[in-house]
Amino acid sequence: MNILTFDIEEWFHLLDNPSTRTEQDWGRFECRIHQNMDRIFRLLDETNSRATFFCLGWVARKYPDVVRRIDEAGYEIGTHSDLHQLVYEQSPVQYRNDLERSIKALQDVTGKNVRAYRAPGFSVKAQNRWVFPLLTELGIEIDCSMFPARRAHGGDATFGIAEPCYIDVNGTLLKEFPINTVGMMGSDLIFSGGGYFRLFPYLMLQYFMRQSPYVMTYFHPRDFDPGQPMVPGLSRMRQFKSYYGLNGCWSKLKQLLLEYDFVDLAEADRRINWSNGPIQRFKVNA
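Residue 286 is where the sequence shown ends in the UniProt record's numbering, and the numbering goes up by one at each step.
To be clear, the hints were calculated from the coordinates, so they are not data collected in a lab. Small disclaimer: the values here were computed from a predicted structure and weren't measured. A few of these clues could be false.
Claimed, not checked - Calculated lysine-lysine pairs in the DSS-like style (CA-CA distance at most 30 angstroms, straight line):
{"id": "1", "residue 1": "K104", "residue 2": "K175"}
{"id": "2", "residue 1": "K283", "residue 2": "K241"}
{"id": "3", "residue 1": "K254", "residue 2": "K104"}
{"id": "4", "residue 1": "K62", "residue 2": "K283"}
Stated by the list, open to error - Taking CB as the label site, the calculated pair distances span:
{"id": "5", "residue 1": "K254", "residue 2": "P92", "range": "38 to 48 angstroms"}
{"id": "6", "residue 1": "R42", "residue 2": "Y166", "range": "30 to 40 angstroms"}
{"id": "7", "residue 1": "T172", "residue 2": "V93", "range": "16 to 26 angstroms"}
{"id": "8", "residue 1": "D16", "residue 2": "R42", "range": "15 to 25 angstroms"}
{"id": "9", "residue 1": "S275", "residue 2": "R28", "range": "42 to 52 angstroms"}
{"id": "10", "residue 1": "E267", "residue 2": "P201", "range": "26 to 36 angstroms"}
{"id": "11", "residue 1": "D108", "residue 2": "G27", "range": "15 to 25 angstroms"}
{"id": "12", "residue 1": "V284", "residue 2": "R238", "range": "13 to 23 angstroms"}
{"id": "13", "residue 1": "R210", "residue 2": "Q24", "range": "17 to 27 angstroms"}
{"id": "14", "residue 1": "Q35", "residue 2": "V93", "range": "33 to 43 angstroms"}
{"id": "15", "residue 1": "P213", "residue 2": "R42", "range": "24 to 34 angstroms"}
Cβ atoms here follow ideal geometry from the backbone N, Cα and C, with glycine treated the same way.
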């Protein structure tokens with residue numbers, strides 16, 4: 001089963017970078033979200049594909065037309081937080097307030113409940129698993145935040161499951177769709193989104209797809225925008241990670257969607273027999 005998702009944010013929403021850390025900083029950058037969303041909508045139309053969109057609450061307030069267009073086209077909308085901050089840098093109170101604002105902003109535009117969530121940068125780690133009970137308290141039924149491998153500013157290699165599962169934290173159950181991994185030379189590799197997808201040539205992506213009974217993709221509008229400016233303050237390594245492969249990402253994803261069948265998160269949820277799935281149990285101190 002292959003799942004298609006997009007994280008809807010602006011091109012400058014790069015994490016862990018001083019020049020783009022706050023909402024005040026964002027006002028200094030040009031808007032590119034409309035032209036980048038046009039590319040995504042065109043791609044979905046051309047390939048007859050369905051997708052789930054994890055949108056920032058900030059986008060819903062700043063550009064409600066973008067969220068409205070996603071909804072009116074019949075695509076599923078989840079939340080990607082409100083202000084795109086790393087979860088592990090927030091307190092539980094800060095996190096809850098941010099999530100509540102995002103849910104309200106999206107529901108104000110669409111009039112529909114938000115039931116799915118993905119953390120910015122997959123920044124749910126072992127030390128902040130307290131997020132899971134908060135998600136369910138606020139009506140989230142499906143989480144897509146777990147990245148079961150090492151990552152620069154997120155990820156939890158101790159999570160141990162790279163397929164749909166239940167998360168049980170202190171008796172609270174939440175459906176989890178983690179990022180998938182593929183084993184290669186003794187390592188767990190990620191290939192299905194962001195800079196990882198842009199890095200690998202298409203033949204390698206085909207190989208990884210054939211090895212993967214479950215694939216969770218994640219793309220951003222900026223992934224298809226080779227003309228975007230360079231975000232100031234990035235190290236050479238961050239420049240490489242953020243800008244390498246932008247020219248070829250559009251054609252690679254289009255080819256992938258034409259070659260393989262993809263579904264959105266809601267359809268994937270319907271297809272899974274949750275009574276027989278794995279359960280990851282944690283105990284978290286209140």
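Distance restraint hint 26 to 36 angstroms, applied to the beta-carbon atoms of E267 and P201: holds (29 angstroms)
Verdict for S275, R28 (Cβ pair) under range 42 to 52 angstroms: holds (51 angstroms)
Pairwise hint evaluation, K283 against K62, where the allowed Cα distance is 30 angstroms at most: Distance ~38 angstroms between K62 and K283 Cα, so the pair is violated.
Verdict for D16, R42 (Cβ pair) under range 15 to 25 angstroms: violated (32 angstroms)
Consistency of beta-carbon spacing, V93 to Q35, with hint 33 to 43 angstroms: Holds, at about 37 angstroms.
Consistency of beta-carbon spacing, Y166 to R42, with hint 30 to 40 angstroms: Since R42 and Y166 have Cβ atoms about 37 angstroms apart, the given range 30 to 40 angstroms holds.
K254 versus P92 beta-carbon gap, inside 38 to 48 angstroms or not: holds (41 angstroms)
Beta-carbon spacing of R210 to Q24 - inside the hinted bounds 17 to 27 angstroms or not: violated (46 angstroms)
Restraint check for K283 with K241, where alpha carbons must lie at most 30 angstroms apart: Cα-Cα ~35 angstroms, so violated.
P213 paired with R42, Cβ distance criterion 24 to 34 angstroms: Once the Cβ atoms are compared, 30 angstroms apart, the range 24 to 34 angstroms for R42 and P213 holds.
Supplied distance hint 16 to 26 angstroms, evaluated on CB atoms of T172 and V93: holds (18 angstroms)
Assessment of proposed distance window 15 to 25 angstroms (beta carbons of D108, G27): Holds - the Cβ-Cβ distance for D108 and G27, about 22 angstroms, lies within 15 to 25 angstroms.
Violated hints for the displayed structure, listed by number in ascending order: 2, 3, 4, 8, 12, 13.
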